[in-house]
Every structure is written in C-alpha cells, then in structure tokens.
Amino acid sequence: MKKGDEVQIFNRLKERVANQPKPEDPVYYKLAEQLMPGDKEYMPRILSKLATPEQAKIVAALPDPDVEPVSGRSLEVSEAFARKLGMDKAVVDKHIRELFEEGLLFPTKKGPAMARTFIQLHDAALGNPRYDEKLGKDYFDLWGILEGPMSPPKPEDIHPGRSEFRIMPRWKSVQGVEGVQPYEDVRAILKAQELIVLLHCGCKRSHTDRWCGVPEESCMTVGRTAQYNLDRNAGRKITFEEAMEILDRYDKLPVCNLTVNQRDVGQLVCNCHYCCCLAIKSAEKSRFVAVIDPEKCKGCKVCIERCQFGAISMKAYPGLEGERAVVDPEICRGCGCCVISCKAEARTMKVVRPPEHIPESLSIY
Amino acid sequence: MGLFHCPVGAAYYDDEECIDCGMCYAKTSAERVEASKKIRAYFQAHAARNAVPRKIALCGKGGVGKSTMTALLARALRAEGNRVLVLDTDESNPGLYRLLGLEREPRYLISLRKRDPGAIELDGAWLDREQIALDDIPAEFAAGGNGFRFMMIGKIEDPFQGCACSMANVVKEFMEKLTLGDGEIVVIDMEAGVESFGRGVERFVDTILAVVEPSYESMALAGKIAYMAQGMGIGRIGAVLNKVPTENVRARMAEELGKKGVKVVGTILFDPGLNEAGFEGRPIASEDSAREDIQGIVKSLFE
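As you go down the protein sequences, you meet chains A and B in turn. One rule links them: number in the numbering used here = place in the first sequence (from 1) + 17. Number 6 in the numbering used here belongs to position 8 of the second sequence; there are no gaps in the numbering.
The set of hints was computed from the structure by calculation and includes no laboratory data. All clues stand as given, with none of them false.
With a straight-line cut-off of 16 Å between C-alpha atoms, the simulated EDC-like cross-links for lysine to aspartate or glutamate are:
#1 A:Lys126 / B:Glu15
#2 B:Lys170 / B:Glu193
#3 A:Lys313 / A:Glu338
#4 A:Lys127 / A:Asp83
#5 B:Lys222 / A:Glu373
#6 A:Lys39 / A:Asp56
#7 A:Lys127 / B:Asp18
#8 A:Lys318 / A:Asp345
#9 A:Lys126 / B:Glu14
#10 A:Lys126 / B:Asp12
#11 A:Lys313 / A:Glu340
#12 A:Lys126 / B:Asp18
#13 A:Lys315 / A:Glu340
#14 A:Lys127 / B:Asp12
#15 A:Lys367 / A:Asp310
#16 A:Lys208 / A:Glu259
#17 A:Lys360 / A:Asp310
#18 A:Lys127 / B:Glu14
#19 A:Lys47 / A:Glu71
#20 A:Lys269 / A:Glu322
#21 A:Lys360 / A:Asp268
For reference, chain B alone in the conformation it holds in the complex:
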C-alpha cells in the first residue's frame, strides 16, 4: 500500500488527513488487519450524524415483517405528533399501501427517471432541486395526507425487467436531497437482503433497524446488516425482533445478536391479529397488541 493510495486521502504519513491507521507501514498480515479495523472505525466515526433519528431504514431477510414493522412504526411516530413519510423501496413486495390503510398506490418515483419516449410527460422539476422538503413533494407522488404520507419508488412488474439498480439510484438521489425539519421523519421499507447496501442506498440514512425473526438465517443477516451499516458510518443501528413466540426465545435471540454486536431495541411478540392483517392485506388495527411493543421501540430510538 503506497502513500499515494491512502484510503483516507492523506498524501503522506502525518499529513493533515493521516489517521495513523498503519496501513502504509504494515509489514505483516496481522498489522494489516489492525490497520483495516482503524480505517473502518474512522469511516464509522466520520459519517454525518443527526441528534435524533430522521431517516430510518428497516432492513432484513425476506418475509421477516419489514413492511408490517414499517407500518407499525410509522403509525406510532405519527401518533407521537411527528409528520411521517413512508417510503417503499422494496421493488418486489406490493402490499404496503394496504397495511397503511390507503386505497391506492401513489405514482412511482421511478417514472420521473424513465427515459421511455412513450411515457407521459411528468413535471419532475421538484426532484431536480438540490434540497427537497416534505412539502415540495406533489400529492400524486405521496399518497395520504394530514401528516402521514406514502411514497413508492417503483415495482418490478414484468419478467425480464432487468436489474433494480436504476431504482436504487433514484432512492439514493431522493434520500440525499430530502431535507427534514424538526418533527419530520421518514421511514423506509428497504428491499429484502443486503443488496441495497452494496448499492450504497443506506448512505443517506441515519438509523438502521434490522427486523429479525427467530431463524438462523435472519439473525445471521442482521449481523451482516449491522456490520455493513457500521462500515458506512451509520450511528444508530439496532435490531427489532418480530414474530417472537415466548420470552425464552426473545432472551436467546438477544443473546445471539449480542454476540454479533447487534443491540436489540425492541420486540414484537407473535400476534395472531397482526398475522391475519398481513395475510388478508388489510390495514393493521390500532388496538392490536403490537402497539405497546412498538411504542417501546420509538422511545428507545429517541433516547
């Protein structure tokens, strides 16, 4: 590793940018591992951080309940008096608007970035601004109202529609520009898995919640999500346990995740009512038992 190839951009040892990670003078592989750790820690510590969560992304394996959790969390945040925007970036899962109690989907954000000559002319000037405030988003792209709105990036509808990279780019662009004020929060339902991390979609997010169900794969993925989120410098990372049948299981999950360095911020116990709502595609009723659990999560986020 030459000095002119310094990962943090220093021109030489003890230059202004130099963090003395040791990469440039590491001789053994053990020294390189140590240096790598310092670089990671540096990237982690130097990312922009908000005092309170404003951009919250929910991630996790497919089927763990990200959409349900998004809906529950968004409602709880709204109930606390915040203006909430729910952003659906999951290209494959069609039902979030129903869980939120909306009748129809808003216009897809991706439609503004499609260069299909046959497409309807849309006024996308608002998306080209350097900063976008909640009120700048036209109603046709953000369904709902009264401080609770819902946006969608787009869905893969036809076979062979190709890779979702272009959608990820729109999410990144939008998230970077979205400027939130006090009491304004965006909750993002991420696509399943960790591919979005590879695309850097989470870079403009300040809080990552990994939704975890009691399964080995789900917990392993939560560890990976937390690791990648740390590498991106996201300060607030936690796991929300879902579909937990008993207190015993909860304790074991928390212990396992703790070993992976993931902090549990809340638990939703298995709730047949919630399960049914998801199954039937109807809105989640506010009296469902998950409400109290989710309030606890909101509280711990703002601590």
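Looking at chain A on its own, in the form it has when it is part of the complex:
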C-alpha cells in the first residue's frame, strides 16, 4: 500500500468485515449504546470481541452497588455481586482482571467500571497484544472503520488556537539550534521522565494496511499512562537510552513526534504518520520551519518523500543547475523529518514562532 491508496484501503476494510456475523446477545447493544450512542453496527461487534457473553454480563451489571467504599481506585467487587450473577466470586474476579488488562474495565472509586467513552476504550483496548488471539483480526479492522478513511494532512485541517496536539521537531533536527525550549525537545522531555513504557500503538494496530513502516511497538508513554499500562501487563518499561535508540531507528521513516498541545508533557510522545494516525491531521505546527540552502541541495527528493504535509517541491533556482528543493513555510509544520533525512545537509530548522505559540495548558476555545 502507498500514498494515494487511502480510499481503496478503507473500502477493503469495510469489505473484510461486511460478511462477518453480528453478535446476537442484546447485552452488547446495550453496552455499545453507552459508548457510542446510535451505532448498532461496529461498537457492538467490538465489544463482542473484547468480552465473552459471560464477561459482558458482568460488565453490564457494573458498577457494583455493594462495593465497599475504598480510598483509592480498585477492581474489587462484593460477594453479593457474584451471587446476584449466579457466578463464583473467583471466576468473576478472574474475568474482571482479564477485562482490565484488555482495556474494557478500569479501576475506579466505585470499583471496576466500563470505559466511559469510546475514546477511553480506543486508547486502552488496542494496546495490549497479549489478547490479540482472543480479539481476532476483525477486531482491529472494526476500529479502523470507526476512524474513517485516512487522508494526508492539509493546511486547513489545523484550527489555530484549538489544536489538541502539537508537532515537536525531531530532536536531531533542532540539536544546537538557539532557543529550543525544554518542552519541545523530545530528548529533554524523555530525559526528565521517571518512567517510560513502550506501548503498542493503538492507531497503528487499527490500520493494518498502513505503510509508514513504523513498528507497532512505538508509543512512548510516560507518567500515569505508563504506570497504568504496566499495571495491566501492557507495554514494557524502557530506559531513557533505549527510548533514544528507538527514536534513532525511526530516523529513516516519515514520522512526526506528537504530544498534547501544552507545555507539560505528562502522557506520551507519539511517532505518527497520517496513514494510521488521525491526530496528526489537525496537529499544531511546531515553533520551527525547515529552511533549505539551495546551493547544497543535490535534488535527491528524499525530503519530498518524507514530508507528510506536502510542503516541499522542486524548482529551478536562478544561477543553479537543475531543480532543487524548496519548502513552503506556510505548509511546513516544523517536524524536522526533512532536515534529518537530508544527506547533503542542505537543511536547517529556524525558530519562527514565539514560545507562547505553545499554550501553558491545553485550551480549546
């Protein structure tokens, strides 16, 4: 699969799941209504993969009204809860643990509870490959359909001041550039973390026909998110040095580092490509743009291939032989991919936006 095949890929996804049976048990439709009101097609099927009918019965009975109030969050249910379901408490506990590891149930103040939104489910229930066999291949296609056809990011996809994500320059592209702030320097961000957990990226897993080439296991979660994933046996703990090595490996791939559009990076550093990631479409530009030295450019066009935003084209410069690359600063989102991939070292990053371009706290007004 390649650039331009997006619609074809989406149609294939739909075809693949079209002939698969829908669950008969009404419990899945009832649960789906809580997560995605009105969807009687895909969400009930997703839930039927995540939970067996017996497990779905447990989920539907939650929250447990008899749960002992605890100070923290827990996965505990009462004896009475199991009795009401006519099940053995040990069996109920085992199911709850499994559903927690899968990402359908979460420990809350009221004991275990189902994901509150389909987004919560999406982020959690695609990240634990230990359950891939139970879930089956359709499961991932179903999520892919819910995300709709992928398409390359366009400049008008950004809503200034309202972006949920921001692009950070690839750290090597801004190494040594004056004025790089700690919250946009991926290396500094990862260095500051106590815990980094490498997770299987849910977006990549739900788009099996993607072509960015980035391994599934590429999502660098930090903070609470990292701990949560460790708790449910998803992801693996990596050191700062390992994280840097992994990022180095992606130097030859067209991927952007994304995070939440605020100063504090408390969740994750993504490695995104539009063939599988929706977030990148509207991701806010970094404070940088790529600048090219046409005299050094050898016209190899690798940068054109790397740029996800279509910001680079070739043109004839007066006094220089042949066609050479030119960056459109209006389209460039400052990801630095072209800078690190330029063998002729004809590119640099330049600060073009003030630090207040990155908000202190995420605000979508």
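Based on these hints, arrange chain B on the given structure of chain A.
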C-alpha cells in the same frame, strides 16, 4: 481528545489524576470550552503558593514605569525591614541602577552562561547549586549592600545580538533555585510586554503586579498579563496604576480593569518630581509624594 492525551496526566476517566474536566467526553464545542475552563482553573489552583509574597514580578507595557515602580517598591519593602533583592531582567532598559542610587552596574548574570571562549573565567559554581540563598550570591553579581542589593541579567548592547531567550533561561534557572527565608523578598523588573510569559519566566514567581498607565494599550495588556498569570497558577495578581492625573481617571481605570478581572492594588498619582528623576536618571528621592502611595501597595500585598 483521547484519554492517553489527558492534559492533567490521567490515564483514563476516574483515574487518580482525573479532574473530570470533561475534555475526553466533550462532544460539542461548547462542552470543550467548558472543559478548557476547568483545566485552566485546575492549573491555576495547583501551582505552588506562598503565604506571603516573596518573589514579586512587575510587568507591563514599555514606558509605563516598571523600573520606577520597582525602585519605589523595593525601597518601601526595605524600609519595612525586609532584605530586598532587586533583579533587573529587562534586556533593553539601562537605567534601573541609577534609580536605586547605585553608582555602577553589577556583573551580568548572563556572563556565567556565555560560552564565549574569549570570556574571562568566572566562578559560577554558586549558580549551579540546587538552591541559592541570598547570601550565596557573590558581591560582584549583586551590587549594593546592607539588606538592599541589585542584580542584572544582562543587556542587549550590540545590534544583531540575537534573541533574548538565553537570558530568559538564566532568569528562570536563577528564580527557580533562589530560596528565600522570612523577611527576604525579590522584586523583579520584567521586560516590557508579555514575551517573558511565553518563555515561562514568571513560573517561579508568586506575585505579579501589572503596572498600568492611563492608556488603552496598557490596560489591554494588563488584562492579558493577568490572564496568562492565572493560567500559570500564580495566586497573587494585581494592577498598580501609574501616572494617574486625577481621581476621576483612577476610578475609570479601576472600573475598566475590573471588567477584565484585574484587581487594582494601588495607585501612584502623577508626580512631577518622580517624572524628573526618571528623566534625569537620578535616584528617586524618598520625600517624593509617591512614598505614601507605595506604602499602601505594600500593605495590600501583605494583607
């Protein structure tokens, strides 16, 4: 907005960190606006706060009288018995040391962070400490004495010297590490405008005073300063009105600022003597009429 991208760092809805802002389940733009407000309020409420002001930053549009106000406030705080450090972070305005009655400038703090091979070797070990107390700062970097000292970050002297980001980083580093005890206060003369906010310089400050003159731009900027300071979680934010000609103007300014959510903590009425001192670059005389006004400001800060 996915759960793994939660702005306050929760891993899922009802996780320990979750503040139920609603961002992860907002469906309409109105819901997102509401959620954004909750996030802002959370950031605001969770920043470190001191019971009394220790690190006071004076901000405002260029020419509103930040340096003059810094000098007046520092003197008033010293007169109350505090040990006062005045920090000049304004890269472009050269005269604060004169207003403080000092003969010469101290060595610039930025000189410790310049990697100019030709530069004189300086002992910067004190700046590398995890915590810096007032007494740790060598005399060459802090002019004055007797509980009243003055430091400068640096000045842009030559054209094309580049952006002031590196200076902002030194200010941040120093302010973060500076540990003050009882009766110790630092007063910071910020650079004009709000660029320093973008750089997060004010993060380690507990009090922001916006100096405002009777002009539309100055008042508008004060609103912006207060908004940004709130977003950073700074608890004590107020406006000091300067160059106010009449009581009528004061009332109107206070009303306008009130609409922007900015509380006025004091007023300095237009004082020809003060104006002359600034004009001639000489120290502000203690008998100037502004003294009483500034005492009122100090009082309201410590209330």
